[in-house]
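K.L.:
Going down the list, the protein sequences come from chains U and A. Basically the working numbering = 1-based index in the first sequence + 1. Basically the working numbering = 1-based index in the second sequence + 1.
For the record, the hints were derived by calculation from the structure and aren't laboratory data. You may find that some hints are simply not true.
Same chains, same label: a pair holds when it works inside one copy or across any pair of copies.
Stated by the list, open to error - 25 Å max Cα-Cα, derived PhoX-like pairs, lysine-lysine:
1) Lys230 <-> Lys112
2) Lys312 <-> Lys356
3) Lys93 <-> Lys293
4) Lys313 <-> Lys356
5) Lys189 <-> Lys316
6) Lys22 <-> Lys60
7) Lys22 <-> Lys267
8) Lys293 <-> Lys112
9) Lys112 <-> Lys93
10) Lys113 <-> Lys230
11) Lys93 <-> Lys113
12) Lys60 <-> Lys316
13) Lys316 <-> Lys361
Protein chains: 2
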Amino acid sequence: MDRVYNFSAGPSMLPLEVLEKAQAELLCYGDSGMSVMEMSHRTPEFEEILHSAEDSLRKLMNIPSNYKVLFLQGGASTQFAAVPMNLLSEHKCADYIVSGQFSKKASMEAKKYGDIAIAASSAGATPTFSTIPETKRADFRPDADYVHICFNNTIYGTKFHYIPDTGNIPLVADMSSCIVSEPVDVSKFGLIYAGAQKNVAPAGVTIVIVRNDLIGNARPDTPAMLDYKLMAENDSMYNTPPCWCIYMAKLVFDWILSIGGLEEMKRRNEKKASLLYDYLDSQTYYAAPVDKKCRSMMNVVFVTGDAELDKKFAKEAAEAGLKNLKGHRSVGGMRASIYNAMPYEGVEKLVEFMKEFALKNPKIGE
Amino acid sequence: MDRVYNFSAGPSMLPLEVLEKAQAELLCYGDSGMSVMEMSHRTPEFEEILHSAEDSLRKLMNIPSNYKVLFLQGGASTQFAAVPMNLLSEHKCADYIVSGQFSKKASMEAKKYGDIAIAASSAGATPTFSTIPETKRADFRPDADYVHICFNNTIYGTKFHYIPDTGNIPLVADMSSCIVSEPVDVSKFGLIYAGAQKNVAPAGVTIVIVRNDLIGNARPDTPAMLDYKLMAENDSMYNTPPCWCIYMAKLVFDWILSIGGLEEMKRRNEKKASLLYDYLDSQTYYAAPVDKKCRSMMNVVFVTGDAELDKKFAKEAAEAGLKNLKGHRSVGGMRASIYNAMPYEGVEKLVEFMKEFALKNPKIGE
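Looking at chain U on its own, in the form it has when it is part of the complex:
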């Protein structure tokens, strides 16, 4: 069986070179005589993997020294609780920008722990969440403990084209679907978190990058495993970390460094996204429902306007080796997730297929 182009929203493609390396050393890592999957996290070999993963991520993202890097478990959904449990102060007050289902979920979860306001929302857009709300400093409560955003909205195919100006209020960003896809100024954020399963590694590790001054204020009833202070003090090894996923993350970070870091990653991602968006803008068979200035570079949503045709498209594309193009059930249509590991050739093949499909399936009345 040949490998396919997998347009899944996550988990998603990993670089072939990385998979081949993981396969080659699966039975025996270096001269350890064992698989990374079998390795005690307390051995020098694994500690080297963990520290090297952190070093490579710091280098890639140019993370300032006053930020801790944590490798945790439980996905972004666990951070939806951990963020308010750690960051809410006595005021217990935070503002959320709602730009999709995950930021909404994050705000709902936070309401268990404090006074959460929706500072801005694009739920009312047509179609819903097809744009990113504009905000200005005055939209946020001056005593808010933090402002939360979801930087790239996987389901709706939108992305923040600006970093909200929150003044002195720490900005918290869920970057699950765009981390390490392009350079980002970490110093503009108080905390960045990301589930790994889109751009970084197999599902099972969550990256948290948190400014030192935001660590150490967890509510007394915070579960130990959600307390950033305990995690930071123990170097992400308060208990056994998800070793294999951290190892895979290290391989992916090193792969990005080897091709030229995030500047080159961005160039490649822009090239892929442009190919697809330029085609979408050049014809009328398919529509791209997202506000142009808020388009995601990672998740490209498009529709034929006919649910039956959409279904046929996803089915026939899969048969042609272009898998998982069916859109999210709440949006319909198609979604091509073209994360870091999707080769340019995959997007070329997709555009070719789109052209052929349009020719073969003229719409009634056109």
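Got chain U sorted already, so can you dock chain A onto it with the hints?
P.N.:
Frame of chain U, contents of chain A only:
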């Protein structure tokens, strides 16, 4: 580099057949055209893996139909909080048997959420925790919401040789270091949990087996990801599960089934443990400090009685391909963790090495 015998307390050895299968299909699982690590959890292929993992575990452990099986993240340490958050009722009262560091940690974490009593402890034994407390029904508060035990104590090498009689009070057991090592009557427990990294899979997935009537009572401020009801309703897919670790768990469960299930697993584990304990009991160079009737079948602790010799032993054993025999820092000496995947030959080699080491390194004054 040859593969070694890895006596690590966890993460630890995986069956070679399982690793070889994982390696063979790492680039392409079945006819999916992709790695399991790249596979969306919403695909039929992955759902089949998840359900098959659950089916195999149910078959292996003979889990009654009124129990849910969950595959979660965060390790046993996350369950230390999840258990009280889900199981404490209005009484907010639970009893813990403390038989080692992890059960002590579990009780400390639970104190964040309720009135936790230590019903029995073996901390005062000599050496500390070298036995398992005896308990009777009257030791538990009649209004306790549950009684918590750690069934096998990885650090101290002890194991419950009886199931505490708690009457109608649900018994909760941390089985991280002994799950699927031998048959256990699940119906005697209200809830069983286990980090996977010792007997089941790479670190990153936690198994929770919970009786239906104990689901649905979580405190309102329980993080969604720690709420058994949400996890059960969503079939462990409230968010992206740790797919690769679940896949590996499935391969391990199928391997145990293929060799004859838990009866055969127990026979093999007893044979390995007997070889080592019988040798320990037959000589005086090494001492086994654990109460004989509470000996663990998984973690065998022994000492020479001389810290320098212990150090030399661990170092030279590692050079001979017998790795990670150094005891836990709080116990000293040596610890041989001989989980399911440790072959009999590994224990044979260890006993051989122990004999040679004793001959080559006579103790001063003997």
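K.L.:
For the identical chains here, do lysine 113 and lysine 230 meet the 25 Å Cα criterion within one copy, between copies, both, or neither?
P.N.:
both (21 Å within a copy, 17 Å between copies)
K.L.:
Is it within, between, both or neither when you check lysine 189 against lysine 316 at 25 Å Cα-Cα?
P.N.:
For lysine 189 and lysine 316, the Cα distance exceeds 25 Å both inside one copy (43 Å) and across copies (48 Å).
K.L.:
Within a copy, between copies, both or neither: where do lysine 312 and lysine 356 come within 25 Å Cα-Cα?
P.N.:
For lysine 312 and lysine 356, only the intra-copy Cα distance (16 Å) is at most 25 Å; the inter-copy one is 69 Å.
K.L.:
Between lysine 22 and lysine 60, at a C-alpha cutoff of 25 Å, which is it: within one copy, between copies, both, or neither?
P.N.:
Result: close within a single copy only, 22 Å intra versus 35 Å inter.
K.L.:
Since the copies are identical, ignore which copy is meant and state whether lysine 112 and lysine 93 lie within 25 Å (CA to CA) inside a copy, between copies, both or neither.
P.N.:
Intra 10 Å, inter 23 Å, cutoff 25 Å: intra and inter.
K.L.:
For the identical chains here, do lysine 93 and lysine 113 meet the 25 Å Cα criterion within one copy, between copies, both, or neither?
P.N.:
both (11 Å within a copy, 20 Å between copies)
K.L.:
Classify it for me, lysine 293 with lysine 112: is the Cα-Cα distance of at most 25 Å met within a copy, between copies, both or neither?
P.N.:
neither (32 Å within a copy, 52 Å between copies)
K.L.:
Is the C-alpha distance from lysine 313 to lysine 356 at most 25 Å within one copy, between copies, in both cases, or in neither?
P.N.:
Within one copy only: 14 Å inside, 70 Å across.
K.L.:
Since the copies are identical, ignore which copy is meant and state whether lysine 22 and lysine 267 lie within 25 Å (CA to CA) inside a copy, between copies, both or neither.
P.N.:
So lysine 22 and lysine 267 pass the 25 Å test inside one copy only (24 Å; across, 36 Å).
K.L.:
How would you classify lysine 230 and lysine 112 at a CA-CA limit of 25 Å: within, between, both, or neither?
P.N.:
Intra 22 Å, inter 19 Å, cutoff 25 Å: intra and inter.
K.L.:
Can you tell me if lysine 60 and lysine 316 fall within 25 Å by alpha carbon in one copy, between copies, both or neither?
P.N.:
neither (41 Å within a copy, 36 Å between copies)
K.L.:
25 Å Cα cut-off: does lysine 93 pair with lysine 293 within a copy, between copies, both or neither?
P.N.:
So lysine 93 and lysine 293 fail the 25 Å test inside a copy (36 Å) and across (54 Å) alike.
Of the numbered hints stated above, those contradicted by the structure are hints 3, 5, 8 and 12, listed in ascending order.
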